[in-house]
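Residue numbers (my numbering), protein chains in the order written: chain A, 1 to 309; chain B, 1001 to 1274.
Warning: the hint list may mix true and false statements.
To be verified - Straight-line alpha carbon distances no greater than 27 Å define the calculated DSSO-like cross-link-like pairs of lysine-lysine that follow:
#1 13(A) to 1231(B)
#2 167(A) to 270(A)
#3 167(A) to 181(A)
#4 20(A) to 1231(B)
#5 181(A) to 270(A)
#6 270(A) to 241(A)
None of these hints come from the bench; they were simulated from the model.
Since the structure is predicted, the reported quantities are computational estimates derived from the model, not experimental observations.
The residues making up each chain are set out below.
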Amino acid sequence: MAELLYQRDIYGKTLVELGKVDPRIVVLDADLSSSTRTALFAREFPARFFNFGVAEQNMMATSAGLASCGKIVFVSSFAMFATGRVWNQIRNTVAYNNFNVKIVATHAGITVGPDGSSHQAIEDIALMRLLPNMNIIVPCDGPQTREAILTAVRRDGPFYIRLGRAKVPTLETNNAFEFGKAQVFNQSGRVTIIACGIMVAEAVVAAKNLINKGISVRLLNMHTIHPLDTEAILDSARNTKGIVVCEEHSVVGGLAQAVDEVVAQNHPVKVLRVGVKHRFGQSGEPQELLKEYNLTSSDIEKAACSLVS
Amino acid sequence: MASSDDRKIQELQEKARHIRRLIVEMLARAGSGHPGGSLSSADLITALFFAVLRHDPKNPGWPDRDRFHMSKGHCCPLWYAVLAESGYFPKEKLLTLRQLGSMLQGHPDRRTPGVEVASGSLGQGLSVALGMSLAAKLDNTQYRVYCLLGDGEIQEGNIWEAAMAASHYKRDNLCAILDYNGFQIDGKIEEIMGLEPLVAKWQAFGWHAIEIDGHDMKQILNAYQQAKDVKGRPSIIIAHTVKGKGVSFMENVVDFHGRAPSTEETKKAIEELG
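So that you can see chain B by itself, here it is in the shape it has in the complex (with noise of 0.2 Å):
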């Protein structure tokens, strides 16, 4: 069985670089964007996408889907990749980033095959992922809602009204996943506003909360499982990670947070990433 595991772990690994190449790729070809949060969040969303979240590419509108919502819109770039890769459109498509008419704006939007509500404006995505949630709790469904925040992102009120509501309504169906890799568009996120203690706020709102090292794919997978087991109120995975993780240069630069890579950054780039 460990063999199984681990083979299964490999695999995510492999298609985690490969998510973070079709990121720099994109990026580089739109010329403008956010590198930094797609990159630090690609694992988690990966192992999301291929290993946790039930939906069917080929019918996206299963109504017992899984439903997943980016809140931090801004890395739009990683949810384009896995969505192409999971076959929701063709990969060519992910060139097209950013363009005038393109199916793939700058921030999520619902002409995106994939895309159920657009984002971009901070701090309400998890409201929107609560909603999703009651709605699974109307219809008598079982479907399970994940929801991408930001760490700067959850310095906005509208995170905490929302964290406040999911926990009143016991939604353990629904699942945050907190990318928390230390910095905001202006610096470091404890130099900025600072977020500490973290898993204690959340805690003291009513959440279950697990703190994880957000590049490791066992505790990553982990995670979603714990979170699919507690019941009565909703879970958080607040994952540390690195800006920029996987390209050396980009790691803890916060410049990246919202530039694109030059030509011959993203050549240096590629090489990373085989």
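Here chain A stands alone, though its shape is the one from the complex (with noise of 0.2 Å):
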């Protein structure tokens, strides 16, 4: 049985870590620290530390006048209110700036569950996506949030990291994190499936019946939505039948959009999309919303094989 991990525990104590080493990292949150997080950093370097209230916008904008003056940033709220709620402030005052400012949002799409839809962000990605400036990370798993965060440091400018509020599984492979590149967990394959975030652990259970049943197949985890690996996707358009592209987003301007956009212009094959199909959230347990949302190992299953038959 694989180790269950939050993913914002690991995303707390690699600040602390990250603290102790690096005295221009700053943390700032919204009264949501116990949640995010970010509480850990705050126990450890208090000085270093920003409790804004209910003030998200004060927040986003204040980061870029201490980025402005040398800091390395972190800014969390959950997802919600971390984008869509600071677009314009994100937008002119963080990306526009390329300031080192790095977002780190927890609790993102529907697995929030019974908090229900006003906060369950599906349209986070699509958001940050539209800035230029802006990389983007959807770790897969606990380890893996903590490659996200260390990359964000070593490389300058915005980032937007995504996390979830639920345990994830610790995936099992043997390629390592690259920023920018698609971690493959299988290469040969006569289908693609590509993945981010908690839908990795799904796919890798798809991947395995669909083995199992006879149908070999690609799957890559695309953690880095930007910059996306074009050359991994085309490759996957060029030599498997098509792709499945499955995440806890809007099908609508997120990774499946992205990937769909890379292959529609140069070498078109079927993309189906496993994600949020332009409807709100509601309230239930991460299980059944993943249900009933359609966002299932066996909805991967399906599209695949409708890929093969």
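Reconstruct the complex from the two isolated chains, following the hints.
And the structure:
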């Protein structure tokens, strides 16, 4: 049984680890520090932590001022409030200035669960994809969350890192995380499955079942949404029968659309989208919601089968 | 002593007149832009750049420099004029305002030497200044941060979030300057979305408020000094000004919020500004 971890626990611990070695690290939150786990950093480094209360616009624009003075600024809230709520602050004051602001959003997607639609961000990847300069990482598990945070510190410029609320299984693969490169879980296959975030685990299950049925699968974890690994996508388009893209996000504007744009312009093949079909979320337990919104391994299997039938 | 103070004030008045002339010339050449608010805050910002701000145009990255951020970015012709006059870039560049490829964009941009953070989308600059002010605290340095706000601009909710946070974090190195000229694009502030009682509002948010005539150099200099002396909370200089100040036919004319002068109007304006 794979180890289950909260990505946000790893985020908080990684911040503390970084805070010890890099005095430029500053962390901002808007009254959700116990949920986002920035509270771990706050406890260790109270002088470098600022809680702005329930006022995300101010938090986001303040991050730009701090970054202009040489700080590496981590800004956290739930994905709903860290993106759409403050989109203009991110666009005009963070991304346009190309500042060292690292937005780490937790509680993304419908697996927020019982809190319901108002708290279920399924548009955040789309909103961030629109912005030049903005790097986007959607890590699939706990260890990859740490890799994403370290990457954001090593590289200049704004980052959006998307984390979930629930525990996720740690996935096994022989290939290390490399920023901007698809992580190959399985290379040779008749069909390709591309996934990000929590959907990678679902895709791993789907791939196993498909292989058992005699359908070989190329499985890619597209953790970096920008800059996108277009080579890996095109290679899949050329060498497999089609692509299934899986994300816990709207089918509009997210990873699937990004993949589709690359394929349509260069080597058209069928791209099927396993994602939220242009509807709002609702209350429910995460597993119930994944089923209700057709985001399970069996939905991925079905889509993959239709590409070879 | 009085005579040297008088001389300083006279010099600043003279400088402000020259800055106004540069603003009119830039806007006339550009053919579009915002003269009204650039002219109304010209005395405040001239005094700041030439008598208050600790900065070094030859070493713009000096870590201990005071910071200035223009939150009401549409008044950048004023910012560009004082930057050029200070020596951040050659004055000839002023005539490239708003042209394709120019370092002088229609709203402030980091490609301009001396501009540290872009602005233009109203309501965000006070937060930016707050971030700079917090960085000074983290780095244990003494620099001060000045931020120019427009009166229409403070209708934005983001401003009041920043106001709350700046006083919560006791940012006494932060000084906001409010250009209270009484007009916004659609008309008079009090008719569009009234702000009064404004001094009481800022005080209620924990700020030290200083109310002055924003065209009286002596009052302006005193206000900057007073703000510097206040400890434990941020200060705001609420400066009553005249929109379009210095060009008779632009004064209190809302049309000149966002329209450049014609050739004929420019000629008249330059005559007035000498």
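Here's how the hints hold up against the structure:
| no. | hint | in the structure |
| --- | --- | --- |
| 1 | 13(A) to 1231(B) | violated (37 Å) |
| 2 | 167(A) to 270(A) | violated (33 Å) |
| 3 | 167(A) to 181(A) | holds (25 Å) |
| 4 | 20(A) to 1231(B) | violated (32 Å) |
| 5 | 181(A) to 270(A) | holds (22 Å) |
| 6 | 270(A) to 241(A) | holds (8 Å) |
Consistency with the previously given hints fails for numbers 1, 2 and 4, ordered from lowest to highest.
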